[in-house]
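J.: Sequences listed follow chains A and B, in order.
The first sequence begins at 89 in the working numbering and counts up one residue at a time.
The second sequence begins at 7 in the working numbering and counts up one residue at a time.
There could be a bad hint or two in this list.
Residues of chain A clear of chain B, computed beta-carbon distances all greater than 12 Å [what the hints assert, rightly or not]:
hint, residue
1, D204
2, N221
3, C234
4, N239
Here are the computed distance ranges between Cβ atoms for each label pair [stated by the list, open to error]:
hint, chain 1, residue 1, chain 2, residue 2, range
5, A, E137, B, D167, 54 to 64 Å
6, B, P316, A, P241, 52 to 62 Å
7, B, I390, A, N239, 17 to 27 Å
If you are wondering where the hints come from, they were derived from the structure by calculation, not from laboratory data.
C-beta atoms are modelled at their ideal positions from N, C-alpha and C, and glycine is treated no differently.
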Amino acid sequence: MASRRRTLLKVIILGDSGVGKTSLMNQYVNKKFSNQYKATIGADFLTKEVQFEDRLFTLQIWDTAGQERFQSLGVAFYRGADCCVLVYDVNSMKSFDNLNNWREEFLIQASPSDPDNFPFVLLGNKVDVDGGNSRVVSEKKAKAWCASKGNIPYFETSAKDGTNVEEAFQCIVKNALKNEPEEELYVPDTVDVVGGNRAQRSSGCC
Amino acid sequence: MDEEYDVIVLGTGLKECIISGLLSVDGLKVLHMDRNDYYGGESTSLNLTKLWKRFKGNETAPEHLGVSKEYNVDMVPKFMMANGALVRVLIHTSVTKYLNFKAVDGSFVYNNGKIHKVPATDVEALKSNLMGLFEKRRARKFFIYVQDYEEDDPKSHEGLDLHKVTTREVISKYGLEDDTVDFIGHALALHRDDNYLDEPAIDTVKRMKLYAESLARFQGGSPYIYPLYGLAELPQAFARLSAVYGGTYMLNKAECKVEFDENGKAYGVTSEGETAKCKKVVCDPSYLPDKVKKVGRVARAICIMKHPIPDTKDSHSVQIILPKKQLKRKSDMYVFCCSYAHNVAPKGKFIAFVSTEAEADKPEIELKPGIDLLGPVEETFFDIYDRYEPTNTADEDNCFVTNSYDATTHFETTVKDVLALYSKITGKELDLSVDLNAASAAESEAA
Numbered sequence: 089m090a091s092r093r094r095t096l097l098k099v100i101i102l103g104d105s106g107v108g109k110t111s112l113m114n115q116y117v118n119k120k121f122s123n124q125y126k127a128t129i130g131a132d133f134l135t136k137e138v139q140f141e142d143r144l145f146t147l148q149i150w151d152t153a154g155q156e157r158f159q160s161l162g163v164a165f166y167r168g169a170d171c172c173v174l175v176y177d178v179n180s181m182k183s184f185d186n187l188n189n190w191r192e193e194f195l196i197q198a199s200p201s202d203p204d205n206f207p208f209v210l211l212g213n214k215v216d217v218d219g220g221n222s223r224v225v226s227e228k229k230a231k232a233w234c235a236s237k238g239n240i241p242y243f244e245t246s247a248k249d250g251t252n253v254e255e256a257f258q259c260i261v262k263n264a265l266k267n268e269p270e271e272e273l274y275v276p277d278t279v280d281v282v283g284g285n286r287a288q289r290s291s292g293c294c
Numbered sequence: 007m008d009e010e011y012d013v014i015v016l017g018t019g020l021k022e023c024i025i026s027g028l029l030s031v032d033g034l035k036v037l038h039m040d041r042n043d044y045y046g047g048e049s050t051s052l053n054l055t056k057l058w059k060r061f062k063g064n065e066t067a068p069e070h071l072g073v074s075k076e077y078n079v080d081m082v083p084k085f086m087m088a089n090g091a092l093v094r095v096l097i098h099t100s101v102t103k104y105l106n107f108k109a110v111d112g113s114f115v116y117n118n119g120k121i122h123k124v125p126a127t128d129v130e131a132l133k134s135n136l137m138g139l140f141e142k143r144r145a146r147k148f149f150i151y152v153q154d155y156e157e158d159d160p161k162s163h164e165g166l167d168l169h170k171v172t173t174r175e176v177i178s179k180y181g182l183e184d185d186t187v188d189f190i191g192h193a194l195a196l197h198r199d200d201n202y203l204d205e206p207a208i209d210t211v212k213r214m215k216l217y218a219e220s221l222a223r224f225q226g227g228s229p230y231i232y233p234l235y236g237l238a239e240l241p242q243a244f245a246r247l248s249a250v251y252g253g254t255y256m257l258n259k260a261e262c263k264v265e266f267d268e269n270g271k272a273y274g275v276t277s278e279g280e281t282a283k284c285k286k287v288v289c290d291p292s293y294l295p296d297k298v299k300k301v302g303r304v305a306r307a308i309c310i311m312k313h314p315i316p317d318t319k320d321s322h323s324v325q326i327i328l329p330k331k332q333l334k335r336k337s338d339m340y341v342f343c344c345s346y347a348h349n350v351a352p353k354g355k356f357i358a359f360v361s362t363e364a365e366a367d368k369p370e371i372e373l374k375p376g377i378d379l380l381g382p383v384e385e386t387f388f389d390i391y392d393r394y395e396p397t398n399t400a401d402e403d404n405c406f407v408t409n410s411y412d413a414t415t416h417f418e419t420t421v422k423d424v425l426a427l428y429s430k431i432t433g434k435e436l437d438l439s440v441d442l443n444a445a446s447a448a449e450s451e452a453a
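Between the sequences and the hints, there should be enough to build the whole structure, so can you do that?
T.: Right, here's the structure in full:
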């Protein structure tokens, strides 16, 4: 199943509650935005077929489902991620300051084999708010943070009006592909639990 | 916190997480808390460092055992019946999309000092060394009867009303020997005691059919499946289901204290100086020790090995049931083995568990018959823990306490407990024939 591994890309989106993680993935996958905020309800993971250099991939984007609000994501959420997207709100210094925590949490939980080179992408969201007048995190400050973490790619986005969302996810896909999968310890022969393989009654011929 | 919820769930063991998921899907507002900073509670899976810390008191495991994070050692080792109740709950809730499963390689029963593959059909009965020639023929007839039995088809009953005649009476009709009855009752029907012999035979026949159907499901060497990365995946998957439907999760909450009013009814939970209010509390026994009683103890050995269990045809995952009569004890003993094939150990490593209801104070002595089957072992950990059942009346105090996990290596009793508790909490039965995803898809199409 080596081909299966290389055609499915898992991307997780981390960041404080309310920075727009769910809206970003909905804007990218479904071209939708909802103004009404509720701490994430109903978001799970979304999939999108993407083409990159003549190859087709299934991108699986995992939302936190609200479990990040009280730091209650499990290790299973992090396992197998090919790229980690960090999101902050340019109008919230606290959400920017917490990026260090999110990055460290990812590295602890996911334990990538090459932590220094694991692909992260940073998104500064909500650049549309109040026409930019309530912005408190400068682009310069964010880029400096990215440089200090190994030149993480940075995009300023608006999930609301779609600014830079497509460009950001193109970069995310590209970086996810650069993540060489760990040597497969074992290629599991998994079973399809949902499959309707009805029990066959064996019959002796006597 | 400082909010109001319909239900507050304490402890993130598998039972509590299934309940949490089901209630959230029902539209209830759920808060789920755990004093630990990980999911799973008593039923979690530990990496090597945590395993060493828990059983050896320090965190330095020997280097030859490999990378800590590649270990996922279950604290409650159980396999899933491929057609069993837990699989039906997983499909019902679509939680399967968060998980990957692999078939378990083998299922064996211990008999007269040796282990034998468990035959589940008339064809296998004829090939089995468990029985002599004439007994094989009698067993074959019995297996055919069970296979052909359909509750709705009176012709298949052959004059027996299984809701009335006892298992003992049916067995007597087919003239089966004690050893045969023993493996059928304990390794096929998975009974834990011998009370089934004097109860209506319908339950045992249904269990035997479940075993055969599960075996046929994936054409594997056993009727069981097991998730990659171990069993702590299951509570996390159900917790995610709950969160997706609005459940709130708070790990690492010390001292979750249930608050009671003057009438003795629970009205909330206090943690770290804040109280969340609720109508009902669901928890594992450790959160309400005054409302549970001890009903037994489980003795367990956890062994790290670098080979499959001998005489299992190099199985990477296997269950062995040692019926109590073979050991002259009051309870069956269970051996559960899994390996790097299920991503629960580094390459080349196997993890075996030997479990039974404790009848003495020294697990090393008590578990010896199971441990002797394993061959050379690199490391062994012994554990003995109490099992609890609730003593309270939920109508009086709004508290719904789960039972502790038993020593068996399968989940049928676990799910039975969960479904019973769900009915008590909600007042309704769960219809497992409905696929929630398909149902909501149909709804959105109708809209």
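J.: Give a verdict on every hint.
T.: Results for each hint:
no.	hint	result
1	D204	holds, 18 Å
2	N221	holds, 33 Å
3	C234	holds, 28 Å
4	N239	holds, 27 Å
5	A:E137 / B:D167: 54 to 64 Å	holds, 57 Å
6	B:P316 / A:P241: 52 to 62 Å	holds, 54 Å
7	B:I390 / A:N239: 17 to 27 Å	violated, 54 Å
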